[in-house]
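K.L.:
Just so we're aligned, residue 1 is where the sequence shown starts under UniProt numbering, counting upward by one.
No wet-lab data here; the hints were simulated from the structure. Warning: the hint list may mix true and false statements.
As the list claims (entries may be wrong) - Pairs of lysine-lysine residues, derived as DSSO-like cross-links and limited to a Cα-Cα distance of at most 27 Å, are as follows: (1) Lys48 x Lys86; (2) Lys11 x Lys102; (3) Lys86 x Lys102; (4) Lys48 x Lys102; (5) Lys104 x Lys86; (6) Lys63 x Lys104; (7) Lys11 x Lys104; (8) Lys86 x Lys63; (9) Lys48 x Lys104; (10) Lys11 x Lys63.
Stated by the list, open to error - Simulated DEER-style distance windows between Cβ atoms: (11) Pro107 x Gln45: 17 to 25 Å; (12) Ala49 x Gln126: 27 to 35 Å; (13) Ser12 x Ala108: 16 to 24 Å; (14) Asp33 x Glu6: 17 to 25 Å; (15) Ala65 x Lys11: 14 to 22 Å; (16) Asp37 x Asn2: 16 to 24 Å; (17) Ala117 x Asp42: 29 to 37 Å; (18) Ala108 x Lys63: 35 to 43 Å; (19) Ala82 x Gly112: 16 to 24 Å; (20) Asp67 x Ala117: 24 to 32 Å; (21) Lys86 x Asp33: 28 to 36 Å; (22) Ala49 x Met1: 14 to 22 Å.
Virtual Cβ for every residue (Gly too), placed ideally from N, Cα, C.
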Amino acid sequence: MNYPSELKYTKSHEWVRLEGDVAVVGITDFAQDALGDVVFVDLPQVGKAVEAGSAVAVVESVKTASDIYAPVAGEILEVNSALSDKPELINQAPYGEGWLFKMKINPADLNGLLSAAEYQAVAESQ
1 MNYPSELKYT
11 KSHEWVRLEG
21 DVAVVGITDF
31 AQDALGDVVF
41 VDLPQVGKAV
51 EAGSAVAVVE
61 SVKTASDIYA
71 PVAGEILEVN
81 SALSDKPELI
91 NQAPYGEGWL
101 FKMKINPADL
111 NGLLSAAEYQ
121 AVAESQ
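With the hints as constraints, model all of the structure from the sequences given.
P.N.:
Printed below as a string of structure tokens:
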């Protein structure tokens with residue numbers, strides 16, 4: 001499994017990459033592998049204010065459907081519209097082209113998230 005050290009992580013298997021005060025959010029390599037082939041993604045509405053830990057999206061695979069949670073509070077700025085036609089990007093490039101959405105956040109809110117090493121320990125214990 002791949003756990004890029006520049007990202008922050010949640011125990012519910014989302015990753016966050018900070019770009020200024022914008023958080024790019026996706027699901028981890030561990031999560032996409034556990035889900036199997038992704039066939040559909042229900043993304044959040046742009047402009048929606050979300051609370052940390054609230055379900056904001058759904059990823060459906062051939063095995064199951066899984067809620068995706070907001071890693072921190074903020075406003076949805078953009079969604080990855082490419083996933084509508086190519087949801088398999090989540091499997092192919094979970095940390096790249098398979099990102100889910102972008103949020104405007106307070107960067108200090110990321111302090112409560114996990115480092116790559118901390119997330120790796122969580123993932124490997126499951």
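K.L.:
The structure should be examined with respect to each hint, and the outcome stated for every one.
P.N.:
Against the structure, the hints:
{"no.": "1", "hint": "Lys48 x Lys86", "in the structure": "holds, 24 Å"}
{"no.": "2", "hint": "Lys11 x Lys102", "in the structure": "holds, 19 Å"}
{"no.": "3", "hint": "Lys86 x Lys102", "in the structure": "holds, 18 Å"}
{"no.": "4", "hint": "Lys48 x Lys102", "in the structure": "holds, 11 Å"}
{"no.": "5", "hint": "Lys104 x Lys86", "in the structure": "holds, 25 Å"}
{"no.": "6", "hint": "Lys63 x Lys104", "in the structure": "violated, 32 Å"}
{"no.": "7", "hint": "Lys11 x Lys104", "in the structure": "holds, 21 Å"}
{"no.": "8", "hint": "Lys86 x Lys63", "in the structure": "holds, 18 Å"}
{"no.": "9", "hint": "Lys48 x Lys104", "in the structure": "holds, 11 Å"}
{"no.": "10", "hint": "Lys11 x Lys63", "in the structure": "holds, 21 Å"}
{"no.": "11", "hint": "Pro107 x Gln45: 17 to 25 Å", "in the structure": "holds, 23 Å"}
{"no.": "12", "hint": "Ala49 x Gln126: 27 to 35 Å", "in the structure": "holds, 31 Å"}
{"no.": "13", "hint": "Ser12 x Ala108: 16 to 24 Å", "in the structure": "holds, 21 Å"}
{"no.": "14", "hint": "Asp33 x Glu6: 17 to 25 Å", "in the structure": "holds, 20 Å"}
{"no.": "15", "hint": "Ala65 x Lys11: 14 to 22 Å", "in the structure": "holds, 19 Å"}
{"no.": "16", "hint": "Asp37 x Asn2: 16 to 24 Å", "in the structure": "holds, 18 Å"}
{"no.": "17", "hint": "Ala117 x Asp42: 29 to 37 Å", "in the structure": "holds, 32 Å"}
{"no.": "18", "hint": "Ala108 x Lys63: 35 to 43 Å", "in the structure": "holds, 37 Å"}
{"no.": "19", "hint": "Ala82 x Gly112: 16 to 24 Å", "in the structure": "violated, 30 Å"}
{"no.": "20", "hint": "Asp67 x Ala117: 24 to 32 Å", "in the structure": "holds, 26 Å"}
{"no.": "21", "hint": "Lys86 x Asp33: 28 to 36 Å", "in the structure": "violated, 18 Å"}
{"no.": "22", "hint": "Ala49 x Met1: 14 to 22 Å", "in the structure": "violated, 33 Å"}
Hints 6, 19, 21, 22, counting from the list given before, are not met by this structure.
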